[in-house]
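Protein chains: 2
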Amino acid sequence: MSDTQHLSTGSKKPIFPDDGVLKLYSMRFCPYAHRVHLVLDAKNVPHHDTYINLREKPEWFLQVSSSSKVPALELVKEPGNPVLIESLIICDYLDEKYPEVPLYPKDPLKKAQEKILIERFGQFITAFYRLVLHENPAQLRDTDLYAGLDIYEEELGKRGTEFFGGSKPGMLDYMIWPWCERFASLKFSMGDGYELNPERFGSLLKWRDLMLQDRAVKCFYLDGQTHNKYMSSRRAGNADYNMLYNEAKRAKLE
Amino acid sequence: MSDTQHLSTGSKKPIFPDDGVLKLYSMRFCPYAHRVHLVLDAKNVPHHDTYINLREKPEWFLQVSSSSKVPALELVKEPGNPVLIESLIICDYLDEKYPEVPLYPKDPLKKAQEKILIERFGQFITAFYRLVLHENPAQLRDTDLYAGLDIYEEELGKRGTEFFGGSKPGMLDYMIWPWCERFASLKFSMGDGYELNPERFGSLLKWRDLMLQDRAVKCFYLDGQTHNKYMSSRRAGNADYNMLYNEAKRAKLE
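Respectively, the protein sequence lines represent chains A and B.
Be aware that the first sequence starts at 1, since it is given in full-length UniProt numbering, and climbs by one per residue.
Be aware that the second sequence starts at 1, since it is given in full-length UniProt numbering, and climbs by one per residue.
The set of hints was computed from the structure by calculation and includes no laboratory data.
Check the hints yourself; a few may be wrong.
For identical chains, the list gives no copy identity; a pair is met inside one copy or between any two copies.
[To be verified] Cut-off 30 Å, straight-line C-alpha distance, at most; resulting in silico cross-link-like pairs (DSBU-like, lysine-lysine): (1) 57 - 206; (2) 106 - 168; (3) 69 - 158; (4) 69 - 206; (5) 158 - 23; (6) 110 - 229; (7) 111 - 249.
Only a predicted model underlies this, so the values are computations on that prediction, with no experimental measurement involved.
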């Protein structure tokens with residue numbers, strides 16, 4: 001794994017070899033950037049990663065991407081070094097540009113249905129953040145959180161396959177995974193009740209265990225406790241982007 | 001043009017011939033549904049239109065589309081009569097399914113760049129609604145409104161083509177058009193100042209005049225005064241969906 005130091009205001013732009021390899025601008029705990037890492041890794045597309053401190057962005061980053069958002073993908077082989085933004089647009093681009101490991105179904109209707117399911121996952125995402133960013137989450141009801149997963153449980157049961165993509169994860173699997181991985185952080189912040197009920201979510205629980213064995217998922221995986229530690233820092237208004245970098249540095253010194 | 005009566009609670013589901021033709025569920029003044037009309041008309045794809053009263057939705061509409069949102073496109077030739085929702089997903093589907101009149105560039109990078117420009121138009125859409133739905137719009141500044149158009153003016157100038165799509169409108173042209181058409185309603189609700197400044201928006205003004213001559217745009221066009229009349233009813237909390245239908249009925253009786 002690459003160096004996860006997040007670069008800040010005043011930093012120098014990192015220099016990578018002139019090798020035509022894609023440059024991904026990311027933040028280690030950003031679930032939208034996570035989507036792009038998953039697709040790049042699933043398709044074995046080499047990439048140089050640069051992590052950005054989103055509170056104190058480097059001046060040079062605004063020149064890379066006018067929106068100064070992550071994820072941003074710089075296509076260094078294309079004339080003018082164009083930069084793509086928006087996780088879903090980047091992932092769709094990667095699926096068209098690197099078709100050797102296709103992630104969408106070929107059939108336009110099936111592809112559109114996958115996109116609708118990716119879009120509808122927004123209900124879960126909204127409920128998830130309402131919970132984890134709330135100062136007093138115990139006051140909130142978690143009804144919306146679980147309701148947002150019901151259609152995926154039903155859909156997976158109906159398909160009868162291991163993954164939404166069939167025998168291998170597809171675009172839908174990877175686009176919803178970042179928040180499913182982070183679900184495991186809830187029991188640390190909210191208490192033991194925050195587990196998926198095996199009676200209600202039998203298919204999704206099996207899916208989760210299979211996803212955890214997927215190579216691309218493993219490449220960028222963090223456990224629930226680590227996600228929770230980052231989310232706690234963010235909730236406290238002091239997002240600790242360099243948490244992993246500093247831990248690794250301390251471990252080296254010891 | 002089809003009958004624009006909007007069906008309400010208690011209505012019967014309209015029966016169309018068993019001809020395999022797509023069924024589009026729409027609302028005559030909905031800019032998102034407008035996008036789908038434009039793409040269907042640009043591609044000459046036949047469709048049966050059903051207009052829905054969004055405040056008092058027909059009971060049968062919930063069975064057609066579980067989200068009960070418009071636009072919704074029912075694919076009657078496909079097994080199980082699947083229904084697609086979300087304007088951009090529907091339009092992307094139509095572009096893949098009916099490739100004879102392609103609306104996106106073939107090159108994955110250029111396609112992704114069009115999608116980013118479609119996505120970024122959200123800034124204008126947000127500013128537009130903030131203005132037209134505000135009870136006292138005179139209190140608001142319109143800075144964001146014009147700022148949201150600057151990148152399109154610049155982009156069109158850079159491309160040097162008549163349309164964003166080249167010599168014919170493409171997906172970007174059609175996806176932003178519904179709100180550009182509605183821009184002409186502002187001078188009726190807000191006063192004469194709401195015109196695009198020819199010095200700042202020279203390319204976009206030429207583009208607007210050319211778009212107004214496009215066949216697909218003409219098929220579903222309404223003038224600024226009509227859009228304003230509908231928006232006024234919506235602002236007053238009493239969206240007059242059947243405004244055009246009732247006017248046509250009255251005209252017949254006279």
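Against the structure, the hints:
1. Taking the shortest Cα distances, residue 57 and residue 206 never come within 30 Å of each other, neither inside one copy (40 Å) nor across copies (38 Å).
2. In this homomeric assembly, residue 106 and residue 168 come within 30 Å of each other (Cα to Cα) both inside a single copy, at 15 Å, and across copies, at 28 Å.
3. Only between protomers do residue 69 and residue 158 lie at most 30 Å apart by alpha-carbon distance; the minimum there is 24 Å, versus 37 Å within a single protomer.
4. In this homomeric assembly, residue 69 and residue 206 never come within 30 Å of each other (Cα to Cα): the closest approach is 34 Å inside a single copy and 32 Å across copies.
5. In the homo-oligomer, the alpha carbons of residue 158 and residue 23 lie at most 30 Å apart only across protomers (26 Å), although the nearest pairing inside one protomer, at 39 Å, exceeds that limit.
6. For the identical chains of this complex, residue 110 and residue 229 are neighbours neither inside a copy (38 Å) nor across copies (40 Å), given an alpha-carbon limit of 30 Å.
7. For a Cα distance limit of 30 Å, the shortest separation of residue 111 from residue 249 qualifies neither inside one copy, at 44 Å, nor across copies, at 42 Å.
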